[in-house]
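K.L.:
Starting from the known structure of chain A, fit chain B onto it as the hints suggest.
Chains A and B supply the protein sequences, listed in that same order. Quick note, the first sequence lines up with residues 30 to 289 if you use the working numbering. Quick note, the second sequence lines up with residues 30 to 289 if you use the working numbering.
There may be inaccurate statements among the hints.
One copy or two, it doesn't matter: identical chains are merged, so the pair holds either way.
Calculated cross-link-like contacts (lysine-lysine; reagent style BS3-like; alpha-carbon spacing at most 30 Å) [what the hints assert, rightly or not]:
1) Lys238 with Lys272
2) Lys272 with Lys146
3) Lys59 with Lys90
4) Lys238 with Lys43
5) Lys43 with Lys118
6) Lys272 with Lys227
7) Lys118 with Lys90
8) Lys227 with Lys146
Hints in this document: simulated from the structure, not taken from any laboratory. These numbers come from a predicted model, not from an experiment.
There are 2 protein chains.
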Amino acid sequence: MIVSLYQNNPRFGKVPDNLDQLLRAVGPHKFDLLVLPELFATGYLFADFNQAFLLSDEAGKGYLFESIRKLAAEKNSLIIYGFPERRGKRLFNSSIAVFPDGQYLLYQKSHLFDTEKEIFSPGESGFSAFSFRGARIGMMICFDWRFPEAARKLTLLGAQIICHPSNLVLPHCPDAMITRALENAVFTITANRIGEEKRPGLTLRFIGKSRIISPNGAILAQLDSEQTGFIAVDINPELADNKRVTANNDLLADRRPELY
Amino acid sequence: MIVSLYQNNPRFGKVPDNLDQLLRAVGPHKFDLLVLPELFATGYLFADFNQAFLLSDEAGKGYLFESIRKLAAEKNSLIIYGFPERRGKRLFNSSIAVFPDGQYLLYQKSHLFDTEKEIFSPGESGFSAFSFRGARIGMMICFDWRFPEAARKLTLLGAQIICHPSNLVLPHCPDAMITRALENAVFTITANRIGEEKRPGLTLRFIGKSRIISPNGAILAQLDSEQTGFIAVDINPELADNKRVTANNDLLADRRPELY
Numbered sequence: 030m031i032v033s034l035y036q037n038n039p040r041f042g043k044v045p046d047n048l049d050q051l052l053r054a055v056g057p058h059k060f061d062l063l064v065l066p067e068l069f070a071t072g073y074l075f076a077d078f079n080q081a082f083l084l085s086d087e088a089g090k091g092y093l094f095e096s097i098r099k100l101a102a103e104k105n106s107l108i109i110y111g112f113p114e115r116r117g118k119r120l121f122n123s124s125i126a127v128f129p130d131g132q133y134l135l136y137q138k139s140h141l142f143d144t145e146k147e148i149f150s151p152g153e154s155g156f157s158a159f160s161f162r163g164a165r166i167g168m169m170i171c172f173d174w175r176f177p178e179a180a181r182k183l184t185l186l187g188a189q190i191i192c193h194p195s196n197l198v199l200p201h202c203p204d205a206m207i208t209r210a211l212e213n214a215v216f217t218i219t220a221n222r223i224g225e226e227k228r229p230g231l232t233l234r235f236i237g238k239s240r241i242i243s244p245n246g247a248i249l250a251q252l253d254s255e256q257t258g259f260i261a262v263d264i265n266p267e268l269a270d271n272k273r274v275t276a277n278n279d280l281l282a283d284r285r286p287e288l289y
Numbered sequence: 030m031i032v033s034l035y036q037n038n039p040r041f042g043k044v045p046d047n048l049d050q051l052l053r054a055v056g057p058h059k060f061d062l063l064v065l066p067e068l069f070a071t072g073y074l075f076a077d078f079n080q081a082f083l084l085s086d087e088a089g090k091g092y093l094f095e096s097i098r099k100l101a102a103e104k105n106s107l108i109i110y111g112f113p114e115r116r117g118k119r120l121f122n123s124s125i126a127v128f129p130d131g132q133y134l135l136y137q138k139s140h141l142f143d144t145e146k147e148i149f150s151p152g153e154s155g156f157s158a159f160s161f162r163g164a165r166i167g168m169m170i171c172f173d174w175r176f177p178e179a180a181r182k183l184t185l186l187g188a189q190i191i192c193h194p195s196n197l198v199l200p201h202c203p204d205a206m207i208t209r210a211l212e213n214a215v216f217t218i219t220a221n222r223i224g225e226e227k228r229p230g231l232t233l234r235f236i237g238k239s240r241i242i243s244p245n246g247a248i249l250a251q252l253d254s255e256q257t258g259f260i261a262v263d264i265n266p267e268l269a270d271n272k273r274v275t276a277n278n279d280l281l282a283d284r285r286p287e288l289y
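Chain A with its partners taken away, still in its complex shape (with noise of 0.2 Å):
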């Protein structure tokens, strides 16, 4: 299976020129899962709710959405991207997986970070893991990533591939889905972007450095922090159902659930 992402420097609010830098990222290559960064072609640091209601999308629905559900039928590969979601008078920071014949399911950020709180909900989907080609895939959003639970339920659900797509702006991460992907034995997939975004009395510099890690905790491929840019790797998902560390140590078998 090949496994890839795209890592942006959007324009922000500019949502027709980040698809079309996407379009002509991507289209040279194929791929079965395309990994694309958190609120990928919106831009992050939105002056305020109302703005950000302005740029969203219901779920399934809008421009953004008929874009790539076209790109996923057209490299006949499974799409994740992040976008601003509207349900009703609220916001969510949401991912979205679009399969090859248009349907699509759907995560909310479960843990907002720092200033997204002034204008997102904290996600109500929970986590989940789905199938796609004999692979089971799950998705988490950017900051979740530093709460260990996390990662660790996609894995409890069966999750073989942990899709990220992120806007990062701390320096951690990168390293840290080294020790996410070894403590779950599964392949993670960050896809972040560079670039920097202002507002008044706000600079964010995003860091880059996407990386599609191993289940041994092995950086299969990465960016750097100052450029776009696509990666692929073929992978055999399978690898992350074995979760034995030695002939004795199985990842999963060996907690000791009453014990926390």
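P.N.:
Just chain B now, kept in the frame of chain A:
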């Protein structure tokens, strides 16, 4: 509070020699807390249960405990060390925290590594946190690191400093402890050993790299893989009470237990 560790290179089965090595190494130093490796005075690779049984002690009894009790009194410090604990006909891979007045608290390793399962019973003590000089301290042992639930449980119990006697042979733990510190905003003290042990068909090389890490993931002090050594740093344990990552994020308050 001066917290410290000693990275040793024990001679298998030579408890008095290994104690002498320790006393020489820490003799010149002052510290409030000293963390020693897992099974630091006996060595690790027992040939079988009977050999381990002969080298074991009941908690709070025996030559090894009396020697450490004396050192804790002389140094007016808390000393944590790993030893094979005999309880009836069973053995546990345990650590003990010895107070200056000779009182002690016990922890039995929850997650046994590889061939340890042939010798030791899974720990029954569970995790706990206790107070010393105003700091709250917890213990876990070596392979417990691989299960994020261990350090998380200690943190939820109030531990500011996680003391982590180890005999590491795999390469991942020293870096993963940065994640453990970051995700819980606690100090971690991993006391490992160096050297090699053999028994027919099995050679283990211990990786050293003992580390003291701060709640923000900084390595405050560390040793390499080649030499024994003592390191100490002066810390303010209360820094671990600040679970705020940003003005809007608290690592414990932001947890979503209903989703895990």
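K.L.:
Between the shortest in-copy and the shortest cross-copy C-alpha distance, which are at most 30 Å for Lys59 and Lys90: within, between, both, or neither?
P.N.:
within (25 Å within a copy, 66 Å between copies)
K.L.:
How would you classify Lys272 and Lys227 at a CA-CA limit of 30 Å: within, between, both, or neither?
P.N.:
Between copies only: 27 Å across chains, 44 Å inside a chain, cut-off 30 Å.
K.L.:
Is the C-alpha distance from Lys238 to Lys43 at most 30 Å within one copy, between copies, in both cases, or in neither?
P.N.:
For Lys238 and Lys43, the Cα distance is within 30 Å only inside one copy (23 Å; across copies 48 Å).
K.L.:
First find the shortest C-alpha distance between Lys238 and Lys272 inside one copy, then the shortest across copies, and answer within, between, both or neither for a cut-off of 30 Å.
P.N.:
both (27 Å within a copy, 26 Å between copies)
K.L.:
Within a copy, between copies, both or neither: where do Lys272 and Lys146 come within 30 Å Cα-Cα?
P.N.:
between (36 Å within a copy, 17 Å between copies)
K.L.:
When no copy is named, should Lys43 and Lys118 be tagged within, between, both, or neither for a Cα gap of at most 30 Å?
P.N.:
within (23 Å within a copy, 71 Å between copies)
K.L.:
Is it within a copy, between copies, both, or neither that the alpha carbon of Lys118 lies no farther than 30 Å from that of Lys90?
P.N.:
within (16 Å within a copy, 66 Å between copies)
K.L.:
Should Lys227 paired with Lys146 be assigned to within, between, both, or neither, using CA atoms and 30 Å as the limit?
P.N.:
Answer is within: at 18 Å inside a copy they meet the 30 Å cutoff, but 55 Å across does not.
Every hint from the earlier list agrees with this structure, and none is contradicted.
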